[in-house]
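Peer 1: Line by line, the protein sequences are chains A and B.
Residue numbers for the first sequence, in our numbering: 1 to 370.
Residue numbers for the second sequence, in our numbering: 1 to 300.
Quick caveat, the hints were computed from the structure, so don't treat them as lab data.
Careful, some of the hints might be misleading.
[Unchecked claim] Ranges of calculated distance between the beta carbons of each label pair, as one might list FRET restraints:
1) 81(B) / 267(A): 38 to 48 Å
2) 58(B) / 171(A): 29 to 39 Å
3) 274(A) / 101(B): 53 to 63 Å
4) 127(A) / 267(B): 28 to 38 Å
5) 134(B) / 367(A): 27 to 37 Å
6) 288(B) / 219(A): 48 to 58 Å
7) 5(B) / 296(A): 50 to 60 Å
8) 241(A) / 154(B): 15 to 25 Å
9) 81(B) / 293(A): 50 to 60 Å
10) 99(B) / 127(A): 53 to 63 Å
11) 263(A) / 266(B): 26 to 36 Å
12) 274(A) / 5(B): 25 to 35 Å
By construction, the Cβ of each residue, glycine as well, lies at the ideal position given by its N, Cα and C atoms.
Residue strings, one per chain:
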Amino acid sequence: MKRLQMFAVICACVFLAGPVFAADTIKLGVAGAHSGDLASYGLPTLNAAKLVVNDYNAKGGVLGKKVEILAEDDVCKPEVAANVASKLVSEKANVVLGHICSGATKAALNVYKDAKVLTISPSATNVDLTKSGDYPNFFRTISPDDAQARLQVDFAINKLRVKRVAIIHDKGDYGKGLAEFAKGFFEQKGFVPVLFEGITPGAVDYTAIVQKVKFSGADAVLYGGYHPEAAKIVSGMKKKKMKTFFISDDGVRDDTFIKVAGKYAEGVYATGPIDTTKFPMAIAAIEQHKKAYGSEPGAFYLNAYAATICLLEAMNKAGSTDFAAVSKALRTNWFETPLGKISFDERGDAKGIGFAMYQVKNGKYVEVGK
Amino acid sequence: MEYFLELFFGGLTRGSIYALIALGYTMVYGIIELINFAHGEIYMIASFTALIVSSLLALQGMTGPAVLLLTAAAAIIFAAAHGFTVEKVAYKPLRQAPRLSPLISAIGMSIFLQNYVMLAQTSDFLPFPNLLPDLPFVAEYLPFLGATEFFIIVTTALVMVGLTLLIKFTRMGKAMRATAQDRNMAMLVGVDINRTISNTFIIGSALAAVGGVLIASHIGRINFYIGFIAGIKAFTAAVLGGIGSIPGAVLGALVLGWTESFATGYVSSDYEDVFAFVLLVLILIVRPSGLLGRPAVQKV
Numbered sequence: 001m002k003r004l005q006m007f008a009v010i011c012a013c014v015f016l017a018g019p020v021f022a023a024d025t026i027k028l029g030v031a032g033a034h035s036g037d038l039a040s041y042g043l044p045t046l047n048a049a050k051l052v053v054n055d056y057n058a059k060g061g062v063l064g065k066k067v068e069i070l071a072e073d074d075v076c077k078p079e080v081a082a083n084v085a086s087k088l089v090s091e092k093a094n095v096v097l098g099h100i101c102s103g104a105t106k107a108a109l110n111v112y113k114d115a116k117v118l119t120i121s122p123s124a125t126n127v128d129l130t131k132s133g134d135y136p137n138f139f140r141t142i143s144p145d146d147a148q149a150r151l152q153v154d155f156a157i158n159k160l161r162v163k164r165v166a167i168i169h170d171k172g173d174y175g176k177g178l179a180e181f182a183k184g185f186f187e188q189k190g191f192v193p194v195l196f197e198g199i200t201p202g203a204v205d206y207t208a209i210v211q212k213v214k215f216s217g218a219d220a221v222l223y224g225g226y227h228p229e230a231a232k233i234v235s236g237m238k239k240k241k242m243k244t245f246f247i248s249d250d251g252v253r254d255d256t257f258i259k260v261a262g263k264y265a266e267g268v269y270a271t272g273p274i275d276t277t278k279f280p281m282a283i284a285a286i287e288q289h290k291k292a293y294g295s296e297p298g299a300f301y302l303n304a305y306a307a308t309i310c311l312l313e314a315m316n317k318a319g320s321t322d323f324a325a326v327s328k329a330l331r332t333n334w335f336e337t338p339l340g341k342i343s344f345d346e347r348g349d350a351k352g353i354g355f356a357m358y359q360v361k362n363g364k365y366v367e368v369g370k
Numbered sequence: 001m002e003y004f005l006e007l008f009f010g011g012l013t014r015g016s017i018y019a020l021i022a023l024g025y026t027m028v029y030g031i032i033e034l035i036n037f038a039h040g041e042i043y044m045i046a047s048f049t050a051l052i053v054s055s056l057l058a059l060q061g062m063t064g065p066a067v068l069l070l071t072a073a074a075a076i077i078f079a080a081a082h083g084f085t086v087e088k089v090a091y092k093p094l095r096q097a098p099r100l101s102p103l104i105s106a107i108g109m110s111i112f113l114q115n116y117v118m119l120a121q122t123s124d125f126l127p128f129p130n131l132l133p134d135l136p137f138v139a140e141y142l143p144f145l146g147a148t149e150f151f152i153i154v155t156t157a158l159v160m161v162g163l164t165l166l167i168k169f170t171r172m173g174k175a176m177r178a179t180a181q182d183r184n185m186a187m188l189v190g191v192d193i194n195r196t197i198s199n200t201f202i203i204g205s206a207l208a209a210v211g212g213v214l215i216a217s218h219i220g221r222i223n224f225y226i227g228f229i230a231g232i233k234a235f236t237a238a239v240l241g242g243i244g245s246i247p248g249a250v251l252g253a254l255v256l257g258w259t260e261s262f263a264t265g266y267v268s269s270d271y272e273d274v275f276a277f278v279l280l281v282l283i284l285i286v287r288p289s290g291l292l293g294r295p296a297v298q299k300v
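With the sequences and hints as input, model every part of the structure.
Peer 2: Structure, rendered in structure tokens:
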């Protein structure tokens, strides 16, 4: 059995490797974890790329040439990712869809940068990949880790006219991480938070911290954490008849929060992922996957689907595979994707995806801004 | 000044709740020298009973103070029954065993009760209705104090007075004090030891039930895990005040409540627990048997 599998793999390699030497195709590298523990993060991306490429090839390809996929497995390890990147560069990949994990992506990007190969990752969320400005060749169709904090801060300052903010978090990785990003953004805009504190999750009550917020004279509380503590703090504030805004994250944008906090939940703001399940293109893409592979698509499938469309469409719009022209096309055009209409900003983060601000109105979360 | 008062009364409220639970620890320890780790779970079960009963009453269309009284009564009875049963099942068979055995049995009971509620009910947080009356005069005369806080402090104070009278002046109280002093001697003069120990568990559980109803109404949400955290804090309060001493448990609970409240208010909530436990260590270094505890005399 083992030997048979091995034979099959070798055959597959030979067949996959065959067309590499055929001339005149657009080469789309697809790199990510295709085996190992994290394969479930990488394989949906490969499936998405195959489906999109088949669609384009059926319509005549890109720039009059067929698109072919060069799939490479980096098993989400940085050292493997750098090798894989060198291999794709030597095989003259025009653009690369990948990588999947942030660490592997970072390692590979240095190689692509020197070779001027443009990449779009469907899943690498590490903030520094775009924020550092080190990788002009990097784009992504997923929100970076600090996207929620940025949205919260922009919303608080521009829409709610908040001047004095109290930032509270639950000391956990998720809550504290968000709170620290938010603090950074507020300070960038010239507002110093009046309070920045962690609370103990599960404590008997939070009266003291509520009193502290009241005393600090904050216009808004920004809370990083999950709904049980948020519900207690919100109820405490409302019982003290405080008019302070309460803004939180997708750990709170959950119907359980409304159920538990009851009438006190009214008016609470929380960021949460944009709902893509009703977009026609997303529904179609998922159907396509079910038809082709007989299963539900996995993680980052829609992000990868969108990324592939952006890559191919940008080359069409640029009229060439030249790095400068394609990256300009990505930044200046809007693309129709299963994630909605998206474009890219200077740093390479996608515009129009990710998170939206919701508010509790009549016992339901309603979208109030992006 | 207003800020100080708010923190003072916030701490007093929190301390009152700790005190109601801490009494159960300290009374049981005073009588059978057992740390009843399942006591926090009794508090949690009382909250769940209160939620169920108050929801049923609300379905019947009842409102007002009657709901609070009936709910509290049901919670007290149910919690007392649980306390009684826990003692009979988990501790009484081990009364002659080495001291570590009932301790482990207590931890086992705590885990059992938590999981039992989690499986029988839910692991999610559940909303708890505010049963406490909204007293308008509180807002008028004591602006820094919420009506529920006021209600909690007053109720706790009344319960404490009641408990003191019970222990000082009734036959049952005298039997409890005698058993605490010397179990064998009490038995020889005709005190029914088993009954007295059961009574202690029943009273301790009833107090925890009062605490459960009050805090659940105040906070507005419960889950199966609330007993563990409240239990740890109340146990700390009992040790702080001198475990085995009833006034000590109350004093320890108030000191703990104030420390937490002021630490959050004037320093940072990041260090709330740090301050509470640093205080515990310091007090135990200076007074190893707690604030009001008597040094244990080895009985010969």
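Peer 1: Look at the Cβ atoms of residue 81(B) and residue 267(A) and judge whether their distance stays inside 38 to 48 Å.
Peer 2: At 42 Å between Cβs, range holds.
Peer 1: If I claimed the Cβ atoms of residue 127(A) and residue 267(B) lie 28 to 38 Å apart, would that claim hold in this structure?
Peer 2: holds (31 Å)
Peer 1: Honestly, do residue 134(B) and residue 367(A) meet the 27 to 37 Å range at C-beta?
Peer 2: Hint holds: Cβ distance 35 Å, inside 27 to 37 Å.
Peer 1: Lying within 53 to 63 Å: is that true of the beta-carbon distance residue 274(A) to residue 101(B)?
Peer 2: Holds - the Cβ-Cβ distance for residue 274(A) and residue 101(B), about 58 Å, lies within 53 to 63 Å.
Peer 1: Does the Cβ pair residue 99(B), residue 127(A) satisfy 53 to 63 Å?
Peer 2: holds (55 Å)
Peer 1: Residue 263(A) and residue 266(B), beta-carbon distance inside 26 to 36 Å?
Peer 2: holds (32 Å)
Peer 1: Is 50 to 60 Å right for how far apart the beta carbons of residue 5(B) and residue 296(A) are?
Peer 2: holds (58 Å)
Peer 1: Could you say whether the range 50 to 60 Å given as a hint is met by the Cβ separation of residue 81(B) and residue 293(A)?
Peer 2: For residue 293(A) against residue 81(B), whose Cβ atoms are near 58 Å apart, the range 50 to 60 Å holds.
Peer 1: Taking 25 to 35 Å as the hint, is the beta-carbon distance of residue 274(A) and residue 5(B) inside that range?
Peer 2: For residue 5(B) against residue 274(A), whose Cβ atoms are near 46 Å apart, the range 25 to 35 Å is violated.
Peer 1: Do the Cβ positions of residue 58(B) and residue 171(A) conform to the proposed distance bound of 29 to 39 Å?
Peer 2: For residue 171(A) against residue 58(B), whose Cβ atoms are near 36 Å apart, the range 29 to 39 Å holds.
Peer 1: Look at the Cβ atoms of residue 288(B) and residue 219(A) and judge whether their distance stays inside 48 to 58 Å.
Peer 2: holds (49 Å)
Peer 1: Are residue 241(A) and residue 154(B) spaced within 15 to 25 Å by their CB atoms?
Peer 2: holds (22 Å)
The structure fails to meet hint 12 from the earlier list, while all remaining hints are met.
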